[in-house]
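There are 2 protein chains.
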Amino acid sequence: MNKVEKISIVGAGLVGSLMSVYLAKRGYKVSLFESRPDLRKADISAGRSINLALSNRGWLPLQEVGLKEKAEKLTIPMKGRMMHNEKGELTFQPYGKSGQAIYSISRSGLNSLLLDAAEATGVEVFFNQKCKEVDLNNNILLLNDKKISSDIIIGADGAFSVIRQAMEHTSRFNYSQQYLEHGYKELSIPPSSTNDFKIDKNSLHIWPRGNFMLIALPNLDGSFTCTLFFPFEGDQSFDQLHSDEAIINFFKKEFPDAYELMPDLLNDFHSNPTSALVTVRSSPWYKNRSLLIGDAAHAIVPFYGQGMNCGFEDCRVLNDLLTQFEDNWDLALPEYSQMRTPDANAISDLALKNFIEMRDHVADNDFLLRKKIEAKLNELYPEKWIPIYSMVTFNENIRYSKAAALGKLQASIMDKVMASPNLESQWEHLDFESIINQLPSM
Amino acid sequence: MNKVEKISIVGAGLVGSLMSVYLAKRGYKVSLFESRPDLRKADISAGRSINLALSNRGWLPLQEVGLKEKAEKLTIPMKGRMMHNEKGELTFQPYGKSGQAIYSISRSGLNSLLLDAAEATGVEVFFNQKCKEVDLNNNILLLNDKKISSDIIIGADGAFSVIRQAMEHTSRFNYSQQYLEHGYKELSIPPSSTNDFKIDKNSLHIWPRGNFMLIALPNLDGSFTCTLFFPFEGDQSFDQLHSDEAIINFFKKEFPDAYELMPDLLNDFHSNPTSALVTVRSSPWYKNRSLLIGDAAHAIVPFYGQGMNCGFEDCRVLNDLLTQFEDNWDLALPEYSQMRTPDANAISDLALKNFIEMRDHVADNDFLLRKKIEAKLNELYPEKWIPIYSMVTFNENIRYSKAAALGKLQASIMDKVMASPNLESQWEHLDFESIINQLPSM
Numbered sequence: 001m002n003k004v005e006k007i008s009i010v011g012a013g014l015v016g017s018l019m020s021v022y023l024a025k026r027g028y029k030v031s032l033f034e035s036r037p038d039l040r041k042a043d044i045s046a047g048r049s050i051n052l053a054l055s056n057r058g059w060l061p062l063q064e065v066g067l068k069e070k071a072e073k074l075t076i077p078m079k080g081r082m083m084h085n086e087k088g089e090l091t092f093q094p095y096g097k098s099g100q101a102i103y104s105i106s107r108s109g110l111n112s113l114l115l116d117a118a119e120a121t122g123v124e125v126f127f128n129q130k131c132k133e134v135d136l137n138n139n140i141l142l143l144n145d146k147k148i149s150s151d152i153i154i155g156a157d158g159a160f161s162v163i164r165q166a167m168e169h170t171s172r173f174n175y176s177q178q179y180l181e182h183g184y185k186e187l188s189i190p191p192s193s194t195n196d197f198k199i200d201k202n203s204l205h206i207w208p209r210g211n212f213m214l215i216a217l218p219n220l221d222g223s224f225t226c227t228l229f230f231p232f233e234g235d236q237s238f239d240q241l242h243s244d245e246a247i248i249n250f251f252k253k254e255f256p257d258a259y260e261l262m263p264d265l266l267n268d269f270h271s272n273p274t275s276a277l278v279t280v281r282s283s284p285w286y287k288n289r290s291l292l293i294g295d296a297a298h299a300i301v302p303f304y305g306q307g308m309n310c311g312f313e314d315c316r317v318l319n320d321l322l323t324q325f326e327d328n329w330d331l332a333l334p335e336y337s338q339m340r341t342p343d344a345n346a347i348s349d350l351a352l353k354n355f356i357e358m359r360d361h362v363a364d365n366d367f368l369l370r371k372k373i374e375a376k377l378n379e380l381y382p383e384k385w386i387p388i389y390s391m392v393t394f395n396e397n398i399r400y401s402k403a404a405a406l407g408k409l410q411a412s413i414m415d416k417v418m419a420s421p422n423l424e425s426q427w428e429h430l431d432f433e434s435i436i437n438q439l440p441s442m
Numbered sequence: 001m002n003k004v005e006k007i008s009i010v011g012a013g014l015v016g017s018l019m020s021v022y023l024a025k026r027g028y029k030v031s032l033f034e035s036r037p038d039l040r041k042a043d044i045s046a047g048r049s050i051n052l053a054l055s056n057r058g059w060l061p062l063q064e065v066g067l068k069e070k071a072e073k074l075t076i077p078m079k080g081r082m083m084h085n086e087k088g089e090l091t092f093q094p095y096g097k098s099g100q101a102i103y104s105i106s107r108s109g110l111n112s113l114l115l116d117a118a119e120a121t122g123v124e125v126f127f128n129q130k131c132k133e134v135d136l137n138n139n140i141l142l143l144n145d146k147k148i149s150s151d152i153i154i155g156a157d158g159a160f161s162v163i164r165q166a167m168e169h170t171s172r173f174n175y176s177q178q179y180l181e182h183g184y185k186e187l188s189i190p191p192s193s194t195n196d197f198k199i200d201k202n203s204l205h206i207w208p209r210g211n212f213m214l215i216a217l218p219n220l221d222g223s224f225t226c227t228l229f230f231p232f233e234g235d236q237s238f239d240q241l242h243s244d245e246a247i248i249n250f251f252k253k254e255f256p257d258a259y260e261l262m263p264d265l266l267n268d269f270h271s272n273p274t275s276a277l278v279t280v281r282s283s284p285w286y287k288n289r290s291l292l293i294g295d296a297a298h299a300i301v302p303f304y305g306q307g308m309n310c311g312f313e314d315c316r317v318l319n320d321l322l323t324q325f326e327d328n329w330d331l332a333l334p335e336y337s338q339m340r341t342p343d344a345n346a347i348s349d350l351a352l353k354n355f356i357e358m359r360d361h362v363a364d365n366d367f368l369l370r371k372k373i374e375a376k377l378n379e380l381y382p383e384k385w386i387p388i389y390s391m392v393t394f395n396e397n398i399r400y401s402k403a404a405a406l407g408k409l410q411a412s413i414m415d416k417v418m419a420s421p422n423l424e425s426q427w428e429h430l431d432f433e434s435i436i437n438q439l440p441s442m
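Chains as they are written, first to last, in UniProt numbering: chain A, 1 to 442; chain B, 1 to 442.
You may find that some hints are simply not true.
Because identical chains share one entry, a pair is satisfied inside a single copy or across any pair of copies.
Said to hold, decoys possible - Straight line, CA to CA, 27 Å or less: simulated DSS-like cross-link-like pairs of lysine-lysine: (1) 353 / 408; (2) 132 / 146; (3) 198 / 25.
Just so you know, these hints were derived from the structure itself, not from any lab.
Bear in mind the structure is a predicted one, so any value in this text is a computation, not a measurement.
Just chain A, same shape as in the assembly (with noise of 0.2 Å):
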């Protein structure tokens, strides 16, 4: 490959803006190219989420990039999952026992953030262009009616990636694109008349109710961004929401406490978009000398709060690849793809998986008891048995694929505990070293 010194990056949203930060310290001629208006300029959140969670696979790549304090500044921690049942009663399940949390951060807030160091950092950011088409044997975007030649290009354009649409349409590329029967639609619940949380300010709220469910996340302005998921059709869906009486006939019966502290539901129920929830998985993930990042490459859903943290990490991952290989995209490009193509199954899988969690199990006796049984053996043993959740959210050192192989490992043996007689009176008494003995070292 000729030497690389011009790169290309289609999308300047949260994913490809830390990539061309990363690539211009490296010393590359960076340009980031947005087919909307600057976010820092013109209010553009329609059809987004408002706000995220970030975790410790997010952190890591802030602070390589010199924006972990700044970023700070932008969040909430959340040290905990609040379930709210029918008749409004809460219950508090910590993410874990010194503390970690995951960090609630505005969308637009850590874009502008990123969009800021771009620019410092010397990426040319241009708004308004659209990417059009792709050529990728030659290297060459159509970005509204201009050819832009490059030496690399990277696809951060999201789950509806123009750049991987091209490659769907080359030889032995593989691609999926999978709906849940669920959409999603943002509400919210505005801070009180004195500007304080009407909830909790450090948790994540779910209210949970078998087949869907209702969560909120809070913002720095003393509001919180609620998400109904909730099907599509069927009896209990969307489709049924069809008259202002049945939204707050809905919400009066499942969510009571919720419906109490919204008093623009109809407005927001109404204004805001119901939106489709995608799976997104593709390989390999670079044709030539184009590349695909974040979620152009892997759109995850929503439940388990990685779709940020693991694009993220796509970018920490090509640039660590970059100096492995002294900046030999001809040996890092391979290798960057064989590499994340599993992590980024494993998370997809894990994401479906936990809205089953989320929505349906939260609430239920065996799933509590056995939670519990785990954070014993997780204190009794902190090294070896770390849950699942904590793996994929707070042990950014262990791979996605490797968490997923793990947790599955573990999940057959808590199966085999949680037939033992008795098990809600008599788990202390479980023989917990036996248990333990039966995962392999880390």
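Keeping the supplied structure of chain A fixed, place chain B upon it in accordance with the hints.
Okay, now just chain B, sitting in the frame of chain A:
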């Protein structure tokens, strides 16, 4: 929906042509658009398989549209598999005890027959019509540079369907394309100097070699079309066959008897493309008033000989549903999609699995013993124990999805049987009644 009068079918291959005949017979005004020239006048075989195996699910629709007798004249029955080992020794495995056969037929011969029938039934056929775009909301095709309106659009345009690609970009359309690590290349065994078949004419010939294989199907002119299925990359792969010497050495070593019969090997090898093998899945198979049939909806790998047969079955099922719903397409389309997607998924999975069976297992002793026991079960209980291959190939009244489910059940029963002690010598003394009673009634 408005009354349906005018139907446009994109793709005048085997499936599109057959569908046009069915619909013209129902009284619709049908236009059939094909991007290539008329294959009855031009040689355009490159890149597609030359012959195919027609079996019961393909025969039934041909009979329904009155083409069975004419098609029969184009076929050569294959009554079993002829296995060739590394020494050139032969083993024949009949498909059934009563002389059941699958039928080798030329793709272009059958396609010509179907096009003639389409024209004779009043279908208007247009060649050299490249479909560039489809407007799924307004039912408009862009063909070359002309817009065509229709009441119904049918995408019969193959694995890389333009109609399906438009659907892929609509929300909640599930889609996947997965490539095998193997590719294929067509080769040939010409007739003898007296224009006779050089190997048994009434067999599907297989040279199974573990990770790869060669197969051969007879043609009416005394020749055989051979197909080498071989990895693209790796130690033993197309990648390694980079010189004439390497090609010759490979064939001499792996397929010595075939090599002797292939005077044009090098020429064939160099002039025929190495093609990829893709599995395409999608759902739903319709959007508004456009629908998919055949490979456009479900391209499968060729290892069960069911690609064309499944596509023909799509046509028959859709025609049956139109009869059932009195040509109400609003009712027929959702039912067609819901009914056929599990069947297409089932045959996709079976075809992938059969590659391993064909290239690897057919030659091994356990496999042969297993088949012997299954044949005995079938002989004793012909209505209850039908081998999966027979259900798929010879029992057009059993849906693919049901055949696959029964096949799975049979396999789990046979796994237990195969674990019996001294089976090789004692299998005739098995308690066949207790085995058969593990199956539910059909």
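Please flag the earlier hints that this structure goes against, numbers listed from lowest up. 3
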